[in-house]
Structure formats: C-alpha cells, structure tokens
Amino acid sequence: MSGYLKSIDISSSGLTAERVRMDVISNNIANANVTRTSEEGGGPYRRQMPVFSVRNQSSKYFALKSMNDSIPGGVSVAGIVEDDSEPRLVYDPSHPDANKEGYVAYPNVNVVREMVDMITCSRAYEANVTSMTSAKNMILRALDIGVKA
Amino acid sequence: MRINGFNPTESAFKPFKPTKAAIGGDDGAATEGLLTTFADTLKKSIEDLSSLEKDSSSKTNDLLAGRLDNVHDLMIALEKSKIGLSMAIEVRNKLIEGYKEIMRMQV
Chain R
1 MSGYLKSIDI SSSGLTAERV RMDVISNNIA NANVTRTSEE GGGPYRRQMP
51 VFSVRNQSSK YFALKSMNDS IPGGVSVAGI VEDDSEPRLV YDPSHPDANK
101 EGYVAYPNVN VVREMVDMIT CSRAYEANVT SMTSAKNMIL RALDIGVKA
Chain F
1 MRINGFNPTE SAFKPFKPTK AAIGGDDGAA TEGLLTTFAD TLKKSIEDLS
51 SLEKDSSSKT NDLLAGRLDN VHDLMIALEK SKIGLSMAIE VRNKLIEGYK
101 EIMRMQV
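Residue numbers (my numbering), protein chains in the order written: chain R, 1 to 149; chain F, 1 to 107.
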C-alpha cells in the first residue's frame, strides 16, 4: 500500500474498531432484559465487551532510522468476551423464568453504564475522523508546494 | 577566484540507487525494490492509483447492494482515490512544466 496513505489506514482501523464497539454496546442494550439465551432457557444474556489490540505492521518507513522498530498499524479487534459478573436478581414469581424462590435472573447489563460507554465510543469515533481529516489535509497541503498562486 | 563549472557526472543520469546505509535497512528484498527507473516508478504509481479507484468503485457497488458493513470504509476509499488522483495530477503538472521549460529553451 502506498506509504502516504498509511495514516488514513490507521484511522480507518480505529473507525472500524469503534463501530464494532458500538455494535456490541447496542447488542447489550437490546438484550438488557433477556432472560433466556436459547429456546430451552440457557440463563440470562451476559454483557459482552470488545477487546482491542495493537495491530503491528513491520513495514518499511523511510522516516525511521531503524527498521527493527515496528510501526503501529492501527488497532484490531482481538475478540469479544463475556462479562462474568453475577446476574441481576429481581423478585417476580409470576415470570416464567423465575426460580423456585421466585427470583428472575436478569442480564448483568447496566444500561446507564452502556450509555456512558456509548458516549465514549462515539467521541472516539469522532476523534478518529478528526485525525483522518487532519492527515488528509496534510497530504493535500503537501500537494500545494510549488504551485503558483 | 576559481568557480567550478557545471560538470554533469554519469551517475546523475543513472537510475536512483539508494544505498542500504541511506535507508537504514538490512532487509535485502526491500532494498531491491528501490532500484527502479523513473518510468517504473511512474508505472507503479499509476497502477496504485488505478487500484485505489477500483477499490472505491467496488465499495460503492457494495454499499448500493447493501453488502457494506462500514460506511466509513466507502468514504475512506473515495477519499483515498481522490487524494491519489490529485497527487497524479500534480505530478503530471510538474512534468509538463518541465517539458515546457525545456521547449522554451533557445538553442
């Protein structure tokens, strides 16, 4: 890939990662009151979290002296893990999924926390867009060199 | 006072050959790729540009067909091909400028 577009690729990976996070958060909110994860029961839905990792790229970068320094190539989604915390118990004996004591296990999803994560996520997305725009403007500025006004 | 005259050396007209020390690489394959002529470089950048354009048009098709997950992928592909095109146009302008400059030369 052309080297001058690398910064855009890096921001692009950030945008994709934040989109994945947004999907996971939306899924958590959508399933906030799900008491069965399959037709036969299977317990309440468990909150999911995306795990990001650094995407290293050992590419040639002429600005760097040492070729042993790997250039961060952005971010990648390492996986989506489940939150193992205890489900929320609500007393509701009339619920079909209530246990013998009359408690229903609701997902360990805290909607307020998901909302806060969502704000973080959308701001991070914006930050990536801003850094991409900035990188684009830098490239376009470079093209203006030597142009007669 | 002695002024050194313009003395074109043969090396000035040879393809640009950066030394390993200059680019700091010990990667043999990476250095090989740099030993190219101007024509090769131009050809490669035009191929790069064409692949950027192909990428953006295939992403546009994907979006219209509902196959695209991330809208930003399309926007980035479009932006990349736009930057690539501006870059190519700028290179062309510089080349034509140089050509014109030579054509204006009085013999």
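Be aware that one or more of the hints could be misleading.
Across the chosen pairs, the derived CB separations fall in these ranges [what the hints assert, rightly or not]:
#1 R:GLY42 <-> F:LYS43: 53 to 63 Å
#2 F:LYS54 <-> R:ASP97: 51 to 61 Å
#3 R:ARG88 <-> F:THR60: 25 to 35 Å
#4 R:ALA30 <-> F:VAL71: 51 to 61 Å
#5 R:PHE52 <-> F:TYR99: 45 to 55 Å
#6 R:ALA127 <-> F:LEU95: 16 to 26 Å
By construction, these hints were calculated from the structure, which means they are not laboratory data. Cβ atoms here follow ideal geometry from the backbone N, Cα and C, with glycine treated the same way.
Each hint, compared with the structure:
no., hint, verdict
1, R:GLY42 <-> F:LYS43: 53 to 63 Å, "59 Å, holds"
2, F:LYS54 <-> R:ASP97: 51 to 61 Å, "53 Å, holds"
3, R:ARG88 <-> F:THR60: 25 to 35 Å, "45 Å, violated"
4, R:ALA30 <-> F:VAL71: 51 to 61 Å, "21 Å, violated"
5, R:PHE52 <-> F:TYR99: 45 to 55 Å, "50 Å, holds"
6, R:ALA127 <-> F:LEU95: 16 to 26 Å, "39 Å, violated"
Taken one by one, the earlier hints fail for this structure at numbers 3, 4 and 6, listed in ascending order.
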